[in-house]
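Undergrad: Sequence:
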Amino acid sequence: MVYFHTVAWKPQQGHLSASCSCRCASTFTTVLVTCGGPAAAYTAFERAAKATMGNLLCCVCRDHKSGVDDGGSTGGRYGFHRRQSSRSLPVEAHDGSSERRRSSSAFSWHGTRGSLSAPATSYVEHLILETLSIIRTLVDNEQEPPPFMIKLHLIADKESGWLLVVRSMVNAIPMDDPLGPAVITLILDDCPLPTKESVGKLSQMFQLSRELSLSGRNNPTWHRNICVVLGCIAEKLAGPSSVALLTEDTLEYLIANLDPVTCNTLVILFSLIALEKFAQTSENKVTLEKRLSGLPENPLAKMEPWVNSEDFVERQVGFCAQWCLDNLFILEGRRYTYEVTDRTNINAMLNSNDVSEYLKISSNGLVARCDASSFESVRCTFQVDSGVWFYEALIVTSGVMQIGWATRESKFLNHEGYGIGDDEFSIAYDGCRQLIWYNALSQSHNHPCWKPGDILGTLLDMKAFQITFYLNGEPLPPNTQVFQNAKSGFFAAASFMTFQQCEFNFGRSPFKFPPSGVQFSCFNSFAHLSEEDKIILPRHIRMEKLRHSSVREDSCTLCFDRSAAVRLEPCQHKGFCSECAIQLEVCPMCRSEIRERIEASL
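Numbering-wise, full-length UniProt numbering puts 184 at position 184 of the sequence shown, and it's gapless, one number per residue.
FYI, nobody ran anything at the bench for these hints, they're computed from the structure.
Honestly, I wouldn't trust all of these hints.
Pairs of lysine-lysine, DSS-like flavour, derived with a Cα cap of 27 Å [claimed, not checked]: (1) Lys-463 <-> Lys-545; (2) Lys-196 <-> Lys-290; (3) Lys-196 <-> Lys-236; (4) Lys-302 <-> Lys-201; (5) Lys-512 <-> Lys-463; (6) Lys-285 <-> Lys-196; (7) Lys-574 <-> Lys-411; (8) Lys-451 <-> Lys-545; (9) Lys-534 <-> Lys-545; (10) Lys-512 <-> Lys-545; (11) Lys-285 <-> Lys-411; (12) Lys-463 <-> Lys-451; (13) Lys-201 <-> Lys-285; (14) Lys-285 <-> Lys-545; (15) Lys-236 <-> Lys-201.
Beta-carbon label-pair distances, calculated as ranges [what the hints assert, rightly or not]: (16) Lys-285 <-> Glu-569: 43 to 49 Å; (17) Gln-583 <-> Arg-217: 47 to 53 Å; (18) Gln-484 <-> Gln-280: 39 to 45 Å; (19) Pro-448 <-> Ser-530: 30 to 36 Å; (20) Lys-285 <-> Glu-357: 15 to 21 Å; (21) Val-551 <-> Leu-441: 23 to 29 Å.
Ideal placement from N, C-alpha and C gives every residue a C-beta, glycine not left out.
Kindly produce the complete structure, drawing on both the sequences and the hints.
TA: If you want it as structure tokens, here you go:
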């Protein structure tokens with residue numbers, strides 16, 4: 001879908017003008033009869049657009065080949081395509097220099113440059129809260145973005161507008177909405193990428209410092225939101241802009257937020273995540289390691305024991321602290337978690353070799369967490385082909401997760417926002433939006449929204465060909481849709497939106513709410529894993545092992561694990577194993593459609 005994500009506002013002489021982002025000839029101009037602030041201006045603009053083009057959200061040149069990529073949906077499953085590529089493309093300025101397209105702001109006629117009136121701030125906060133209120137209802141990846149986000153995008157198209165949107169999110173997003181942090185990430189990802197200069201002004205705008213952290217302990221919502229913003233920008237702009245944002249004052253602010261005695265636990269959590277995002281840039285990582293090593297006691301080491309806390313926010317902090325100590329901020333003398341993990345009676349776990357790229361998995365293979373702005377997925381290690389099977393998941397966070405069953409044919413498209421339940425080979429339960437997902441279509445269920453501490457159970461019956469979901473022991477009516485295309489080969493599987501976490505029980509521990517009156521099996525009683533297969537290494541250790549490993553000459557060019565024994569037809573390209581080949585729709589070498597997979601005898 002292509003629509004107006006670059007609009008040239010021209011308030012001079014009372015005119016507004018807009019042109020399609022694909023640089024076609026579609027333009028219109030309207031005369032403002034009155035200017036009653038941003039709301040009135042936008043209403044007049046929208047009315048003129050609809051009168052001229054029919055629909056502001058849909059470009060009239062949709063069917064033309066403009067040569068500009070409108071991008072795909074990214075950052076998770078919130079029901080509409082989110083532009084990525086066209087936002088940050090450099091364009092030729094009139095003077096011949098290359099600069100990123102930025103237009104005048106809708107607010108530029110309010111006064112001097114950089115001065116925005118109070119009504120403008122309240123209006124933007126209103127748009128943000130409207131986005132938050134409607135986000136649960138956006139379930140179709142092909143639907144148009146809500147008008148609130150279109151307006152926010154237009155406002156953020158200039159530096160002053162972008163800073164206003166950021167400030168308004170920090171002020172407006174409440175603490176008690178589980179989707180609040182994810183919506184901050186969503187809005188920032190949808191807005192035009194800020195310039196390095198805009199990023200530099202962010203710290204100045206909030207006056208970040210150690211003193212601000214210490215004096216602001218009575219306003220945890222504001223500080224939590226700032227940390228979410230910092231982490232999101234550090235992730236999106238890894239490189240020089242991230243280095244520019246991590247000033248000495250910003251660093252001291254985040255470090256001060258890690259005080260487990262006086263600081264709110266959610267502020268600690270998102271400060272820790274922000275530090276992790278900053279560490280994606282090597283220069284920042286060196287700075288952070290040096291600063292943490294200079295402290296009398298490493299705060300991450302103090303919070304690592306929280307990983308098993310009964311408080312679910314503390315449990316998240318403990319998980320993130322442990323993950324950072326294993327993967328980023330290596331503490332001298334500390335043994336890696338995988339070296340001290342008790343794997344007794346773990347025969348089935350999340351598969352670290354069958355997971356999308358940014359999902360974090362605990363060292364025992366039973367806890368998964370996503371902090372990336374994408375929709376990360378994973379399958380477990382054990383496949384079932386017949387019988388009746390059950391597993392449970394402890395809900396640690398109450399946001400968007402899709403938990404259920406998938407075959408190996410189910411594909412993980414994390415950057416497009418598709419996960420478990422979004423194709424014909426998987427089905428999933430969504431307790432945040434109260435939906436059952438199959439083939440990217442949803443149907444509502446009557447369970448209440450899940451909350452931290454809830455137990456999701458799911459029963460796969462391949463005798464009756466039905467799947468039943470339970471929340472704290474309460475069942476939904478059985479579902480049979482997935483068996484239209486798959487009769488066997490199922491794995492426990494799940495997908496996670498930003499800042500979500502849950503813990504799986506495949507039978508290692510007694511189930512909290514086993515189905516009554518049903519004879520079922522659990523993975524742990526029938527699966528087997530070697531001790532080597534149970535080890536989940538930190539990423540840097542795993543990469544080092546890969547660099548020093550030798551690859552057989554006949555290895556699959558995709559997984560480098562199994563033998564390449566498949567030829568794709570009709571293009572006749574080789575170099576793939578049978579398991580990788582069956583997951584391909586087009587040849588990765590020539591992009592032609594695959595009509596047949598021929599397995600050669602070895």
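Undergrad: Looking back at the numbered hints, which does the structure fail to meet, lowest number first?
TA: Failing hints, ascending: 1, 4, 8, 10, 11, 12, 19 and 21.
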